[in-house]
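Going down the list, the protein sequences come from chains A and B. The opening position of the first sequence corresponds to residue 1 in our numbering, with each subsequent residue numbered one higher. The opening position of the second sequence corresponds to residue 1001 in our numbering, with each subsequent residue numbered one higher.
Just to be clear, a hint being listed does not mean it is correct.
As the list claims (entries may be wrong) - Quick partial rundown of chain A residues pointing at chain B, CB under 7 Å, derived from the structure:
| hint | residue |
| --- | --- |
| 1 | Ser31 |
| 2 | Val32 |
| 3 | Ser35 |
| 4 | Ile38 |
| 5 | Tyr43 |
| 6 | Gly61 |
| 7 | Glu63 |
| 8 | Asn64 |
| 9 | Tyr95 |
| 10 | Gly97 |
| 11 | His118 |
| 12 | Glu154 |
| 13 | Ile155 |
| 14 | Trp157 |
Said to hold, decoys possible - In silico negatives: residues of chain A with every beta carbon more than 12 Å from chain B:
| hint | residue |
| --- | --- |
| 15 | Lys120 |
| 16 | Glu168 |
| 17 | Glu208 |
Claimed, not checked - Partial list, computed: chain B residues near chain A (C-beta under 8 Å):
| hint | residue |
| --- | --- |
| 18 | Ile1038 |
| 19 | Tyr1043 |
| 20 | Glu1063 |
It should be emphasised that the hints constitute simulated quantities derived from the structure, not laboratory data. Note that CB positions come from ideal geometry on N, CA and C, so glycine has one too.
2 protein chains.
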Amino acid sequence: MEVKDITNRDVDFAKWYTDVCKKADLVDYSSVKGSMIIRPLGYAIWEEIQKVLDRMFKETGHENVQMPMFIPESLLNIEKEHVEGFAPEVAWVTYGGKEKLEERMCVRPTSEVLFCDHYKKIINTYRDLPILYNQWCTIVRWEKTTRPFLRSREILWQEGHTMHATAEEAREETLRMFNVYKTFQEDYLALPVITGKKTEKEKFAGAEETYTLEAMMYNGYALQNGTSHYFGNHFAKAFGIKFTDKDNTQKTPYQTSWGVSTRMIGAIIMTHGDDHGLVLPPKIAPFKTIIIPIGDVSEKLEELKSSLKNNNITFKVDERDKTPGFKFAEAEVKGYPVRIELGKRDLENNLVTLVRRDTLEKIQVTFEDVVPKLNELLDIIQKDMFERAKTRRNSMIYDAKTYEELKTLATTKDGGFIKINWCGNVECENKIKDDFGIKSRCLIEDEAVTGACTVCGKEAKTRLYIGRQY
Amino acid sequence: MEVKDITNRDVDFAKWYTDVCKKADLVDYSSVKGSMIIRPLGYAIWEEIQKVLDRMFKETGHENVQMPMFIPESLLNIEKEHVEGFAPEVAWVTYGGKEKLEERMCVRPTSEVLFCDHYKKIINTYRDLPILYNQWCTIVRWEKTTRPFLRSREILWQEGHTMHATAEEAREETLRMFNVYKTFQEDYLALPVITGKKTEKEKFAGAEETYTLEAMMYNGYALQNGTSHYFGNHFAKAFGIKFTDKDNTQKTPYQTSWGVSTRMIGAIIMTHGDDHGLVLPPKIAPFKTIIIPIGDVSEKLEELKSSLKNNNITFKVDERDKTPGFKFAEAEVKGYPVRIELGKRDLENNLVTLVRRDTLEKIQVTFEDVVPKLNELLDIIQKDMFERAKTRRNSMIYDAKTYEELKTLATTKDGGFIKINWCGNVECENKIKDDFGIKSRCLIEDEAVTGACTVCGKEAKTRLYIGRQY
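Same shape as in the complex, but just chain A (with noise of 0.2 Å):
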């Protein structure tokens, strides 16, 4: 493992991004088309992403579930929206063994149709509501192009599936989960996210309302990185979904559904990752420091390891025949937030060293205070990505009044997002797209209205964000 191997990422940002994943041992290439094998590093990270949110999942009331894995044509073909948005982008069954299904399914590319299926069954009155169901599976969209974690044929995620006796009810629920991310990402994964409703050409097929995160990557693009939607009651109405409230009438109850995946794990390596390779937030670190020995020191290495694993630290130790600095750069690469260095010599004056992954800053300390040290790092580091992740951003938020300045602004910078004014017409926004090739964001929520629609002139209605996308 050399840094050499590793593309520098302001060189080619894309070719760095395939390196890290590849380097950083988190995902192989398959004979499959389309589809990525995730290692154990990888994984391990999605173990720690769902053990915190099926954990905040859980506090807010939510149970799991695990509906069917595929979805027959005509159950697809409910509600049209739904299926116009992704009849294209399916994967579709038509044999079992050597016999011809009478019906095709599709392998599910989303389930709100299984859930409404379900629900149809199980909500009678509105002592069954509300119903806050949630489902960590594998759904699969026959993308033509892929790219590790940010674009497969198969994606790991989980979705959640609500229903609630109110519109009201609904859409507080929606807003519950979509702070439920915000919180996740700023909070474990360090990525201080642009938060808003989608423009209705970029809402989810069939919902009513999508809410998204978008996080910013080192490249200044723009990562959609979770949504949560209210659909008011479309799907429930195509159903026939109904129950007897209180008041003894038949009424129509209202849906969310929100979602995030493995696609969080590509925003975590192309908002933190440098040149030497993936920086992993502390806290979503399934190993929170690695131990480098240096010559023989097995009986202070036995002592660390005793008091890590008492502190509830979880480490790894490299042991293997190598050279320290191989271990040093391959620490790097795999983004262990901070290296534990335990020389012979150093050792000899009681001292140890331990290095940031972050800053590649040494400290040293003596033994005794490597892991009261290691959790003040652990929480400064967990702090400093997101502040530095954070200013980056900022720095990459531009402001186009006029069509001009956002010509200038498109043409000069190729990534970085774009705050708008916007009449709120769809023309507006296919004319950015069909110019530049940037698309919306999301609507700014947070900020006044003054003047005229950056594109077209008319009255502005509200603030937009904008910018090219993974």
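With chain A fixed as given, assemble chain B onto it according to the hints.
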């Protein structure tokens, strides 16, 4: 929920089983033929199973990964015995969106070939071995007739896949994980499993040896509840996997795989359940107890809840507007190991009633004694459930020295395991199947062989369990 909704298990065991699955809200049927919906209680049991097993896998050095869900036909075809075993029962994807695929792909029925395809790339020298991987995922087998948890087109399971430098190490691993399963099923699921090697005829397609765990259900039928396979290097050779050993020569590594699935939930139901519904072993019950308040006991209820929380005892509270009788019955159907009746009148005398689910025995204790008594009961119930199942199982193990004896047993007993002497010849195995519809379960390794083969009368080489199966 009325107990009378559940069929008597001695009258119609199959109907009793589906009644319990449905009434305990473990599963629901879906519009997707052959696939089931796993409802919150069913999935929570699976999560408990995953939590314990995953810890056991990690403690034995295994790492989790995620392979693709699809297998291109040419990849499935590489190992001959394997493809013959699985091709008749796979689901084929032939279209991606509107385009016909150049090569069709099946949804994985198991992932040996996918792991081998990956191993070929990542195994180079002896330093890369052993590779100890596990995967939690869903597999698909196109079954004609399905039954919740027992036989389904979609199966949630884990599959361990490991590679070793020597046959000896691979054999050790096969048995190590076999023993992990045995410990788990006995200690956590309270299932007294019969364990041993499968006959040549019954082993896994492509394996050299298959070890099986055979649980006996209430009706005496066997449920194959997990298997561990030693592959030798068949697959490795077929895939051209090689490593440079310490002596600098090229060698082919040795392989294992092992898996258990949601089928274990079926085994729990059919081993421990009764005419009142599900009975969950305390160690795997997602909620150890349910509190049923009777009258206004809100103060004591809050006290009890914090006390349970502080003692890490998971619980539910049933505060719905229903009669205590209704709630008792539902708590029984859903199998909570202990129900706590928190009644206003009892509390006036500082008393609380605990009810064991396994025996329905009522125990009155003082309010202060609830938690210690509950902890004691949970331990006792776990042990008693295992012992009760073992006693029952042992009472249904028969011995047939002659074909006449075998015939009498096979025709008078619908269930149960029969021990026979066996010459090792597949014709004798086939004859038993043809005459009585009974298959081999596994070899009996701890019994000395004396006398003639129960079927053909030639010299017996081994003792064998046979029995009807799910």
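May I ask which of the numbered hints given earlier this structure violates, with the numbers listed in increasing order?
-> Failing hints, ascending: 6, 13, 14 and 15.
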